[in-house]
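Using the sequences and the accompanying hints, generate a full structural model.
In terms of our numbering, the sequence shown is residues 16 to 259.
What the hints contain is simulated information worked out from the structure, not anything from laboratory work.
Where a beta carbon is used, it is the ideal one built from N, C-alpha and C, also for glycine.
It is possible that some hints are incorrect.
[Stated by the list, open to error] Distance windows between CB atoms, simulated:
1. Ala-237 <-> Gly-92: 50 to 60 Å
2. Arg-46 <-> Gly-203: 46 to 56 Å
3. Arg-202 <-> His-252: 57 to 67 Å
[Stated by the list, open to error] Here are the simulated DSS-like pairs of lysine-lysine, each with C-alpha atoms no more than 30 Å apart in a straight line:
4. Lys-128 <-> Lys-100
5. Lys-78 <-> Lys-128
6. Lys-100 <-> Lys-78
7. Lys-194 <-> Lys-128
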Amino acid sequence: MVDPVRFPDIEYPETDGKPMPDGDYQGVFYRYAVQAVRDHFLPRSEVYVTGNLFIYLEEGNPKNRIAPDMYVVMNGGHRFRDTYKVWEEPGGIPDFVLEIVSPSTWCTDLGPKRDQYAALGVGEYWLHDPHANFMHPALAGYRLSGDAYEPISGIESPEGTLTMHSETLGLDLCLQGEKLRFFDPVRGEYLLDYAETLAKMHVAEHEAHAAQAALHAAKSEAHAARAETHAAESEAHAARGPNK
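Structure representation (structure tokens):
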């Protein structure tokens, strides 16, 4: 049996040295998407969620790489990595990819990049374009069927919220105006961003302090009631006089 060819001296850089595009919306949503979905899957240690991290596709060829804005590997294992080398990973190719489209990238994201992800076997490919116009939608999802993608249909509410479901994540992607949110249909709630998480923690702390104060007040009232009862018993004993 011939041993596989190894490339011990090949470097796989963590960055290409180019600044990461980070416009106001792209940066905010990228951070929300990665952190919210990562927090959602924290109880499941086998799920790996990250973004803008190089995926190296071929050992010995560091030029053969991709870097989705966000991706999820359902059996990748939750641990931090500098790069994601497919040949070293038990989860293999990502199961879910989301790209945040910009005016300069939408042609590539909707064309060659989508074809590439289909050829690689990425189960779901999603696009969100906050600059959408009549030429392309603000939210589009594709699910792999055979070796090609089929579009994922969505439902629009009377209020104008577009909802599309990711079978891979078990989550809905909801478009409210230009704002994209993840929604957990099991719990019936949106995944929170960092500010919302802090606000929720603040409310929880306030409620805990209020509950502690109420418990302390109840104990004080109970102590006062026992003191009154003891005083009443003492007065009654004094009124009866000494035992003869």
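Results for each hint:
With their beta carbons about 52 Å apart, Ala-237 and Gly-92 fall inside the hinted range of 50 to 60 Å. Our hint of 46 to 56 Å for Arg-46 and Gly-203 is violated, since their Cβ atoms are close to 24 Å apart. Distance hint check: the CB atoms of Arg-202 and His-252 are about 60 Å apart, consistent with the given range 57 to 67 Å. Among the hinted pairs, Lys-128 with Lys-100 is consistent with the structure: their alpha-carbon atoms are about 19 Å apart, no more than 30 Å.
Restraint check for Lys-78 and Lys-128: the C-alpha separation of about 16 Å stays at or below 30 Å, so the hint holds. Taking the CA atoms of Lys-100 and Lys-78, the gap is about 12 Å. The hint holds against a cut of 30 Å. Between Lys-194 and Lys-128, the direct Cα distance comes to roughly 23 Å. Compliance with the 30 Å bound is thereby established for this hinted pair.
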